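*Asks:* Spelled out, the chains give:
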Amino acid sequence: MPAIQSPQSFNLWLKLSTTLCSATLLCGCAAHHRTTTAGATTLPAEDTKNAAASTAEKNVMGTQYFPDASPERVVRVTEKVFPAVVRIDVAQETYSEGKRQLRRGIGSGVIFDKDGHILTNYHVAGRAAELYVTLANKERVPAHLVGDDHWTDLAVIQMDMDVLKDRKISFNYAELGDSKRLVPCENVMAIGTPFGLARTVTLGVVSNTDRTFYPEQQTIDEYETGEFSNWIQMDTPISPGNSGGPLVDMYGKVVGINTLGIRIGQNLNFAIPIDTAKHVIEEILKTATADKKGSVERSDLGIDFKPLQDLETFYNIDINKGALINSVDRGSPADKAGVKTQDILLELNDQPINVRFPEEVSPARKLISDLPVGSDVKMTVRRGKETLHLTAQTQKLEGAVGEEKELKVWGMSVRDVTRRYANEEQLDDDTGVVITTMSTGYPAAKAELQSGDVIRSINQKPATDLDEFMKLYNESVKNKDKTVLLEIQRNRGRNNAVLKVTY
Amino acid sequence: MRKTILVSIIILLASITSRAEVDPAIAQKTYDEVSKSLVVIQYTWESELGRQEVNGTGVVVSDDGLVMSTMTITPTSIPDAQMKDFKIILPDDEQTEIEAEFEGRDERTNTTFVKAKEKHEWKPLKFVDQPVKIGQTIMSVGLLPKAAGYKPYLTEANVSSILRGPLPQVLVSSDGTAGVGSPVLNSDGIAIGLVHNGPGFREDQRNPLASILLPPRTFTPASDFMLSLKDPPKADAPIKLPSIGVSNLSGLRKDLAEYFGLKDQPAVQVGDVIPGRAAEKAGLPRGAIIVKVNGKPLERGDDPSETWMILSRQLRRMKVGDPVTFSVITKPNEPPKDIKIVTQERPMPPNKAQRYFAKDLGFGVREVVFDDTYERRLPADAKGVVVTLLQPSSAAQSAKLEPGDMITQINQTPVESLKQFEETYEAFRKSNPKDAIVLEVLRGPNTQIIRVEPPRD
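Residue numbers (my numbering), protein chains in the order written: chain A, 982 to 1484; chain B, -11 to 445.
Where hints are given, some of them may not hold.
To give a feel for the contact side, a few chain B residues facing chain A, derived at Cβ under 8 angstroms [as the list claims (entries may be wrong)]:
| hint | residue |
| --- | --- |
| 1 | ASN236 |
| 2 | SER238 |
| 3 | ASP260 |
| 4 | ARG365 |
| 5 | LEU366 |
| 6 | ALA368 |
| 7 | ASN420 |
| 8 | LYS422 |
| 9 | VAL426 |
Treat the hints as calculated values from the structure; they're not laboratory data. None of these values were measured; they are calculated from a predicted model. Backbone N, C-alpha and C define an ideal beta-carbon position, used for all residues, glycine too.
Taking the hints into account, I'd like the entire structure generated from these sequences.
*Replies:* What follows is the structure, encoded as structure tokens:
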């Protein structure tokens, strides 16, 4: 099994890209490198459309043929999309040695509307504290994070439009296409700024439109990702720094976001389908406010599936009917509704559900995540010879990684304990915060606390969640408490620790 | 190879013995006398995947051929049933092999006992509980590795420090002692301790000279294991260990102790009280701080974190059914409250559990023990079998079964016991040899459905 470019590799790619970029410049390879006519804003969109219409034949099955990558078309698409592709310089928020720190990297992005919104990867711009965008006309402008979604590895950022207006900078934006209609072998172009090299294009074909890495679980900096959609696989070479850039079809429309490559493979590259991204963009733009990041709300039942392939005979069921329940989280909505492992889920709100192959796992998960949060769901379940009708109430999907804060005085960083984290770590409940990192020589490290310890109370006052915890912490710091009693959960034990704090 | 080993041993020993402080005549006498009590314990570790010969040094401690060594040669990670064919080898020129029987481990003192089945004129070594003094010269006599014909060798060192930990250890100067299982003697040749910590048989297999190149530097004083010599385990009467049903104990660090008003008082906090067991029944609350045991202050370790280990070793040395009284506090500066707990027998450890090896599909399982249900937060009576090992490249391994998985269902039949699992498994394999077996397993907090397809041949 080849190693997939996540999770560390995302960072590696970003880090590597920075070093390589400077290395390239140092050895002079980039000297006299002419970028394309950036800022030349003639948009041959209409022409492209016409050209497309003329070649849009259909075969007997009704599948539309794709236009070929003729020199003329490639040039037109390049001219159309290049001005909408940006380089993103980012400082992402991370926590290490008890402190909030910034990690710098670069990636690509694509402007998709007149308001200067840019679509990119979560692993490029998620949790960004500082963003700069370099446009095709080489102008560098500040930007800010509008919203992010680690589950799909996507983020939306926006250029600071006041700056653009003041400096009279113009830009173009790309059109989002339709990834559903892609077919294998269709020509696509990956555009981006690999290693920070200004706007590069690589041409290739779609290798697979519906790729899954099931059952491998992917994460970005511990954040779960890739659970709710499959991937477009293509052979257009992409490199570190390409992340977040658009994958474009021969109509010049964005069909995917270039996200990862398998380094030990030969041109095995993956993009997030634009259909997935369109939903994420919509939700982020809808929920973002001036002081709150936009996000995507999803539902959760606390179940996961296993492809039924080769197990239909064992369970004595018809093929292509039903989804095998592989696990039910303790205390989850499905658990409360009485769903059990090895049940076959036949219908969800009267809609048939079917997971025979690994590729069908993500769509099935999405079926659940798309349900309204807090709504009742009818589950038709087959158990042995019985058919059961169960009702579960969806809850909001939470990731395992909670919000993180630094505690300067105590010398540590903590995260909120989420339901998922509590379940994975088999904690008593989701009360408290978990220690992530510590600074040596500060009270937390001196008291021999460990990362992974869950703090449940401060001076015998319960710290139910991160907000409550921060309130108690700030109070204690304000009072200049010299000794602080903590209640710690470590493994299955509850113990106390005392912090000796100096101010 | 053998020659080089011998040469290097001679060089090493020469460098050690050149600093003798004991009268050479006494050293020679001690060497001659103690050598007669030293033997090699040998057994075959027969696991599901193969056999391995294990050797270690032992000391004869009784006229009828009882031999003591340390648990290092019979670690608890090896299931009792997999240790077979015990032998006592005399380190004479013939390397006489004597049939022997495993009497058992004594976890109270970290020792292990093997007894000869054949008659022989044994020369037991008598251990004396004698206080150890800083600077005193000690000798130890051990046996060289098999490649050197188990030749006895003597080392000398000085006592550097007396350490207070869960297993009391005496630190000696850099000359060190002989290998694990060797007796330690004072300058008069009286046995006062045993070498406990050092390279075990696994290291010895990698490098037979491990104990000579890097001599152990600690030994356990006889006071710690006299108990085992008085009351050693027997094959038909293993040592029953007591338990009170608490876990996640921790020693109070200075700052925490002071917070609770326990200045200069060693104390232990109880992290978890196990439902349904003795401590819970006696009313010991979770989070309680133990300040006294049977009216006496807790024994201090060199580091506060060791206090709980010393306490639990102290408890391990009690008899099942013995009462123990803890004086506990739950709030700062509170007068201690006494809680009397009657000890129960310790739940079965994993190495004593019954096992079954599903050879055809290549996975081993054992019955569920207390540790399994406790770790997984399951009710104590939860049923299943736990996967212990996977044969490399077997059907079970390619089906992604994992060691530690707890199998709760086989072909949708709930697993009730190891025996029932074995019967169900074998009956199905016999009746449907070509069909896959579907297992439901608990892995961490989740379940997994595992389909094991038999190999096609």
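*Asks:* Each hint: holds or not?
*Replies:* Now for the hints, and whether the structure bears them out:
The restraint placing ASN236/B at the interface with chain A holds, with a minimum CB-CB distance near 2 angstroms, inside the 8 angstroms limit. A cut of 8 angstroms between beta carbons decides the hint on SER238/B: the least distance to chain A is about 5 angstroms, and the hint holds. At about 5 angstroms, the closest approach between the beta carbon of ASP260/B and any beta carbon in chain A falls short of 8 angstroms, and the interface hint on this residue holds. Because the beta carbon of ARG365/B sits about 5 angstroms from the nearest beta carbon in chain A, less than 8 angstroms, this interface hint is met.
Below 8 angstroms, beta-carbon pairs count as interface contacts, and LEU366/B has none with chain A, the closest being about 10 angstroms; its hint is therefore violated. About 14 angstroms separates the beta-carbon of ALA368/B from the nearest beta-carbon of chain A, more than 8 angstroms, and the hint is not met. A least Cβ separation of about 11 angstroms between ASN420/B and chain A goes past the 8 angstroms threshold, and the interface hint is therefore violated. Residue-level restraint check for LYS422/B is violated (minimum Cβ-Cβ distance to chain A is 12 angstroms; threshold 8 angstroms).
Taken as an interface hint, VAL426/B checks out: its beta carbon lies about 6 angstroms from the nearest beta carbon of chain A, inside 8 angstroms.
This entry does not satisfy hints 5, 6, 7 and 8, going by the numbered hints stated previously.
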